[in-house]
Amino acid sequence: MEFLRKVDFDRLAATNERVSQTLIGPDSGASSCSVNCIKTPPGEGSPAGLHKHMVDQLFYILSGTMSLEIEGKRYDAGPGTLVVFPAGIPHRNWNGGSEATVHLAINSPLPDPALLFAQSID
Numbered sequence: 000m001e002f003l004r005k006v007d008f009d010r011l012a013a014t015n016e017r018v019s020q021t022l023i024g025p026d027s028g029a030s031s032c033s034v035n036c037i038k039t040p041p042g043e044g045s046p047a048g049l050h051k052h053m054v055d056q057l058f059y060i061l062s063g064t065m066s067l068e069i070e071g072k073r074y075d076a077g078p079g080t081l082v083v084f085p086a087g088i089p090h091r092n093w094n095g096g097s098e099a100t101v102h103l104a105i106n107s108p109l110p111d112p113a114l115l116f117a118q119s120i121d
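According to numbering that gives the first Met the number 0, the sequence shown is numbered sequentially starting from 0.
Simulated from the structure, these hints should not be mistaken for lab results.
Heads up, the beta-carbon is just placed ideally off N, CA and C, and yes, glycines get one too.
Below 35 Å or equal to it, Euclidean Cα-Cα: the simulated DSBU-like pairs (lysine-lysine) are:
no. : residue 1 : residue 2
1   : 51        : 5
2   : 5         : 72
3   : 72        : 51
So the derived label-pair ranges between C-beta atoms look like this:
no. : residue 1 : residue 2 : range
4   : 111       : 64        : 29 to 35 Å
5   : 28        : 69        : 28 to 34 Å
6   : 3         : 71        : 38 to 44 Å
7   : 118       : 78        : 25 to 31 Å
8   : 6         : 107       : 17 to 23 Å
Please work from the sequences and hints to get the whole structure.
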């Protein structure tokens with residue numbers, strides 16, 4: 000078991016594209032949650048658009064400002080903000096700013112890899 004896991008900030012900085020680094024997940028010893036560090040460039044956002052999950056999802060914003068829609072209401076979240084998406088709540092996120100956003104995405108309980116992670120809302 001790898002007890003210390005570091006975000007590869009050099010990898011995030013090396014591209015202008017969306018990047019996701021798994022810090023812990025089903026393939027690396029997770030038993031109760033998954034954690035990813037995600038960089039979202041300006042103008043991009045959640046690949047699933049408006050969606051929901053079967054698990055709770057938390058975003059901790061490290062840098063930039065993330066725009067959000069949660070249950071039809073719009074929010075902006077800057078560095079140091081914890082965003083809470085309870086299971087089953089429709090939401091989407093995007094980067095409407097001029098600099099990349101970087102956030103930790105925490106999913107609990109551990110998502111079942113046999114099920115669709117994001118369920119699109121029509």
